[in-house]
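One-letter residues, chain by chain:
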Amino acid sequence: MTSIGNVSAVGPPGRARRTGPLRRLAPDEWRAFGFVAPLVLLEIVFVTIPLLLGIYYSLFRVDYFELTAFRGLENYTRMLTSPTILSALVATTVFTIGALVLTLTVGMALALHLERDSRWNVAVRAVALVPYVIAMLVGSLLLRWMFSKDAGLIGAALGPFGLGEATILADPTAAMGALIFNAVWRDSAFAMILLLAGLKSIPPELFAAARVDGAGPFMRFRRITVPLMRIPILITLVRLMIHFVNVLTFALILTGGGPNNATQTLGLAMYRLGFVEFRLGEANALALLVFLFNLILIAINLVLFRQRRGAGR
Amino acid sequence: MRFHPFGLRTAGLALAAALLSSAAIAETTVTMWTFLDPAKGSPREVALKQMIEDFEAANPDIKVRVEPQDFAQMPPKFFLGHRTGNNPDVVWIDAKNLGGLQQSGAGADMEKLIVDKWSDEEKKDFFVEAGWEAARHDGTLVALPLFHGASVIYYRKDLLQEAGIDPASLSTWEGLRQAAKAPTKDNDGDGRIDVGGFGMPLAPLKTESTPLLIGMLEGDEAAFDGCTANFATDIGAKSLDYTVDLISEDKVTPRDALVYNVDDITEQFAAGRYAIAITSILRQSVIAKNATFDAANIGVAPWPTWTGEGSGPMPVSGWWVAAWKDSPRIEAAGKFIDYMVSPQGVKLWSEVGGQVPTRRSLLEDPYFQKPETAWVSTMIDAWSANSWMEPTACNTRSLQGVLNEATSRALVDGIDAKTALEEAEAKFADAQ
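Each protein sequence line maps, in turn, to chains A and B. Start counting the first sequence at 1; every next residue gets the next number (my numbering). Start counting the second sequence at 1001; every next residue gets the next number (my numbering).
Derived from the structure by calculation, the hints contain no laboratory data. Glycine included, every Cβ here is placed at the ideal spot set by N, Cα and C. Be careful, since some hints might not be right.
[As the list claims (entries may be wrong)] Result set (SDA-like, lysine to any residue): computed pairs, CA atoms no more than 25 angstroms apart in a straight line: (1) B:Lys-1181 <-> A:Gly-162; (2) B:Lys-1206 <-> B:Glu-1425; (3) B:Lys-1251 <-> A:Gly-152; (4) B:Lys-1040 <-> A:Ala-135.
[Stated by the list, open to error] Simulated restraints on C-beta separations: (5) A:Thr-48 <-> B:Ala-1130: 55 to 61 angstroms; (6) A:Gly-177 <-> B:Glu-1122: 58 to 64 angstroms; (7) A:Ala-157 <-> B:Gly-1085: 57 to 63 angstroms; (8) A:Thr-48 <-> B:Asn-1086: 22 to 28 angstroms.
[Said to hold, decoys possible] Reference excerpt, derived from the structure (chain A facing chain B, CB under 10 angstroms, subset only): (9) Arg-71; (10) Glu-74; (11) Arg-78; (12) Leu-80; (13) Asp-150; (14) Leu-158; (15) Thr-167; (16) Ile-168; (17) Leu-252; (18) Pro-259; (19) Val-276; (20) Phe-278.
Just chain B, same shape as in the assembly (with noise of 0.2 angstroms):
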């Protein structure tokens, strides 16, 4: 077989112009850490999949490329890889490590990078102050918002209104307390509780907030100085009277609370085994998924104040973003990071992962209307009204497990409150 001179000559020139056409979009990868993995297909993940999708869509010489990670170990595991010079272009940081993205200095100056490309307005529009303002160190902002969660109680509407409970008495301590004892039943009189009344995730591991840690908040005594805890105060000791009182007295509770965390939590309140349950909202989407009951009945309420006045400080927790300081590409990092807190990538986040939005914009959409997001608006509400960080220079990963434990302390060996307080105390001035 013999080639044609002029055949091969249009084939090398049509080749050349491939790899030269290619050479000119060259394309920039840029990496990201997550927990998520958007080759599955929990809602968030799926919500990533396409923020992905429409980026590179719109950046066609940018890519990007995911490497999963387990999130407790991500976040560490950055702060070494600034320090080695190895690390991703964009990270996702939860609460509890924006004190460490500060104090390792790995994290790009987000203003610079993005924010002051924002109009006053664009910047306003993230309407949890304290969620944005805690990823800034030093007067620099080193993470922007990507979704926040918060623990929340859950409750069951059709519950609830077969016990003839209105759920606006939620609003008060003593409220919930009563809310939750009219549904706990054994319903074959074998001894054990077919539906309890109040979950509460209280394991000294994965946990959530309890009454004992937002019952305490609303105090005028703060419960922290600086990273100095100061848990044994009277709200203090009233908090965790009333936590104990719910297993003990009210029976509201089980006892085995004391070794569930938060997936136990999770999976009983999804399977119908609780009326009212503390998990974290941005399980909502996935309880709705996994429920046993028609997720329609989900209902979800702000945290209650002793005077039943406003609604309990609602704490802001959830994912910020950041990019590496030294990244070689953070322009195109920037970019990424700068869709995925855009209007479109929030709404993606919303409406797709089953997220709160962070822009007060998104709150207009129609999607928002509808009934079954109502607790869209519940959430929003409760964090522009009473929202609460926290401190985020200190080491708080014990935190709710040493108030838990303080909780086991008193109901197992019956010491009084502020003794059990006192101890925490202690096991947190530890963790510094």
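Next comes chain A alone, as it looks inside the complex (with noise of 0.2 angstroms):
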């Protein structure tokens, strides 16, 4: 190998190459590169641009999107100390974790109970997947009206056993449990499609041995299944998480928010302060906080992951 300056010559002989920012790329490389480039231009403008903006934005005082006054740091610390928001932190946190344990726990188990190909696993799946693909809103909208006391299918089912008088909706309790049945019920069959990629991807000689050697169901779970799931396991809480954290339409669709702001979640503090109340500078401080804790908690989930990997090795 011969080296020049930062040049130096590596490979088939004949052949220079630079290293460092300053090499001269092969073809190929410059053909990835072009493949590449259009979507970092658009993640540029799409992503990158309006971020900034909007952190530009979070800095103003902003009517009727024109930059009024300058407001420094005083629209964060307004978020921050503001009992609506740390109300809608709490909501969000409730939820956050009642959806995503009960609907890891349904995704899982029916990815378990339907992993076989069989015709009837196949149309099983199928039907898990309507509310899935039926869009969130009109899902939400189809739950508001079951769940609605006087007019509702709910109500009905209570009526006969003298519980006519019992309100889901309108009780702050109830209306959050009706909320986390709402992910549970839409976003179950998301994870059970993730999680099922998992368990199609484990080699099948691994429980088949490990029935020779006498393990039981619960005893392959949780020595194959699960070590062996960690990553689709991860990745579907992750996505799951980011998902419940930022979502609107339920809270927006289901309660509007109420009663008393009991259901009102970050995403939809965020819609009323931004789309309702058009207070968009209070709005984008608002979404960057929101954005930070996204970024912590995930960056809490892939620690605590690493952790049990080390800790299993």
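Could you fit the two chains together into a complex? Lean on the hints.
Here it is in structure tokens:
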């Protein structure tokens, strides 16, 4: 290998290649950049620029898209000390934890139960997917009318048991339950698909060998399925968590954030600030805080999984 | 095939003449943003379509192109467009965005463009003075009222009659409470109310005025001092307690009303699930069209008062029309706006679109003498007697939402009315 300055010759004799930023790119590499460049450009136009604009707007009072006064970090302190936003943070946390645990559990149960490709299982998988393929808004509207006390199916079912007076949507705790139910009803099928893909990648010989060794279903699940499903579970978890922290439709359609703001999540609070009250400076500040909240949650997940993987070795 | 030179010459001349004549009546296309789509079939959309056709027939050199918009996003988009120099010639503005129109400087001076050409009589024909003056900023009129709306009390004539209730008793809050009790029914004994006494939209979003707001406007203590809310007064507390009692004590309003928005209440009233309900007068034609009962049984009452004297303050909302100040087609835009608010235009909005006319002179039209249009006279009398406009210089988008949250706090958490109203004041202040 010969070296001239920061240019070194590596590889086949006679072909000198630069290393570092100045090295000449091979035609294949140029082609690869060519494929990636449009997407990078789109990312810059539709993600990076709006993000930077959002940060800029968050430092101002914005009236009708007009920056009327520089506020510095005041919008952020307002959001962090606002009782409405803190209550939305609590609602989001309760909703996310409840929906995440139940959706993952139901999704995993469905995936395990429907893993074999029998005709029946394929048909049931398709049925399980129906809530997921229905538009989110339509699904939530459907549940809204089901939960309605005087006009809904749930009210009709409870009536004969003397529970006709019970209200679901107008009770803070029950309304949160309804919101979580909406999420589980819709997104369990999504979790099932991701987890099913993970299950399919586990070699069946491992289960056969475990059976020969006398391992029961629970032992096989604990010792084979869970360890080998760590990455699919992590992907499902992170994907669902981001979705539940940010989702607007469930709360907007099912309860409108009521009663008493009990189901007003951060997504809905952001929507109200930005698109109902047109307080765009504060809405941008909140959006960036929620973005950071998302990043922190994902980082915690990744660290926890890495620690558990390390402990498992 | 050979062409005769004379024939070719004639054809050429004819083509040139056609091109010249079309150039002579060069068309100006006026673009308008509205939430209505003239290609669709709701009463107001049919009226708009007909209005455009009539206007274009009378003004062959002007075409009107409608670009339907989402009604919530349309005004802010227009204000932004003014900054970037790209806007339609005409835009519709709702009451909550009149202040924004004034602050943005995007609206043309309607007096110079249109109103100065009218006679004094024509100007006085617009009877909702609060609605007219709400569009004035620093002496400049930036929009004209197209049709006014308001949250009102709808009632079922047949259900009240069955229950032996005289609709005239709805003129006091106590009368309304009693009237709502009688028709509230659980027909099959399953514990669920089949016909509710009084439907109120108490959700934090998409709502309308409720007894809390209207009740507190009646007191001597003003509910607003500029953009500062003054809700936590004795009359405010009385109004809040009254609203809560309708749910918890009288049980004439279902508890689920805490999450019902105005769409829910409108649909449920049209489906026959309420004897009395609050929704917007702008929805009268839709309710009549969708009613599962005889639409002749729909009655509209002005807001009650605590004392029974006169009628309660009738809010003024609805839609105004404005021209973009920098429009290169400002004269043509002015002509079309003038047509939309002219007696012919107002007649279409009223008789085809089912709206309350903005001009008093229209009431002499035989159409408004019919019994089924009695609600129009009710509205006009109520607005003429006692109208109220939200403070347009303030951000009032959260007004009804924060009052509904106060109702919810008092009902669900049992906090006292004044504390709940103080919280609402703070939330309203945050939005300014």
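Hint by hint, here is what the structure shows:
This hinted pair checks out: Lys-1181 (chain B) and Gly-162 (chain A) have alpha carbons roughly 22 angstroms apart, not beyond 25 angstroms. The straight-line distance between the Cα atoms of Lys-1206 (chain B) and Glu-1425 (chain B) is roughly 19 angstroms, inside the 25 angstroms bound, and the hint therefore holds. For a cut-off of 25 angstroms, the pair hint linking Lys-1251 (chain B) to Gly-152 (chain A) stands: about 19 angstroms separates their Cα positions. Between Lys-1040 (chain B) and Ala-135 (chain A), the direct Cα distance comes to roughly 24 angstroms. Compliance with the 25 angstroms bound is thereby established for this hinted pair.
The hinted window of 55 to 61 angstroms between Thr-48 (chain A) and Ala-1130 (chain B) is violated, with their beta carbons roughly 48 angstroms apart. For Gly-177 (chain A) and Glu-1122 (chain B), the hinted distance range of 58 to 64 angstroms is satisfied, since their beta carbons lie about 60 angstroms from each other. Roughly 59 angstroms separates the CB atoms of Ala-157 (chain A) and Gly-1085 (chain B), a value that falls within the hinted 57 to 63 angstroms. Evaluation of the 22 to 28 angstroms hint for Thr-48 (chain A) and Asn-1086 (chain B) yields a pass: the beta carbon distance comes to about 24 angstroms.
A cut of 10 angstroms between beta carbons decides the hint on Arg-71 (chain A): the least distance to chain B is about 14 angstroms, and the hint is violated. Checking Glu-74 (chain A) against chain B: minimum C-beta separation of about 12 angstroms lies over 10 angstroms; hint violated. Given the 10 angstroms rule on beta carbons, the hint for Arg-78 (chain A) holds: about 8 angstroms separates it from the nearest Cβ of chain B. For Leu-80 (chain A), the interface hint is violated, since its Cβ never comes within 10 angstroms of a Cβ in chain B; the closest pair sits about 14 angstroms apart.
Interface restraint check for Asp-150 (chain A): the shortest CB-CB distance to chain B comes to about 5 angstroms, inside 10 angstroms, so the restraint holds. Restraint check, Leu-158 (chain A) versus chain B: the minimum CB separation of about 8 angstroms is within 10 angstroms; hint holds. Given the 10 angstroms rule on beta carbons, the hint for Thr-167 (chain A) holds: about 5 angstroms separates it from the nearest Cβ of chain B. Interface restraint check: Ile-168 (chain A) against chain B, minimum CB-CB distance 8 angstroms, threshold 10 angstroms, status holds.
Interface restraint check for Leu-252 (chain A): the shortest CB-CB distance to chain B comes to about 8 angstroms, inside 10 angstroms, so the restraint holds. Hint on Pro-259 (chain A) holds. Least Cβ distance to chain B is approximately 4 angstroms, under the 10 angstroms limit. For Val-276 (chain A), the interface hint holds, since its Cβ comes within 10 angstroms of a Cβ in chain B; the closest pair sits about 6 angstroms apart. Hint status for Phe-278 (chain A) relative to chain B: holds, with the closest Cβ pair at about 6 angstroms, below 10 angstroms.
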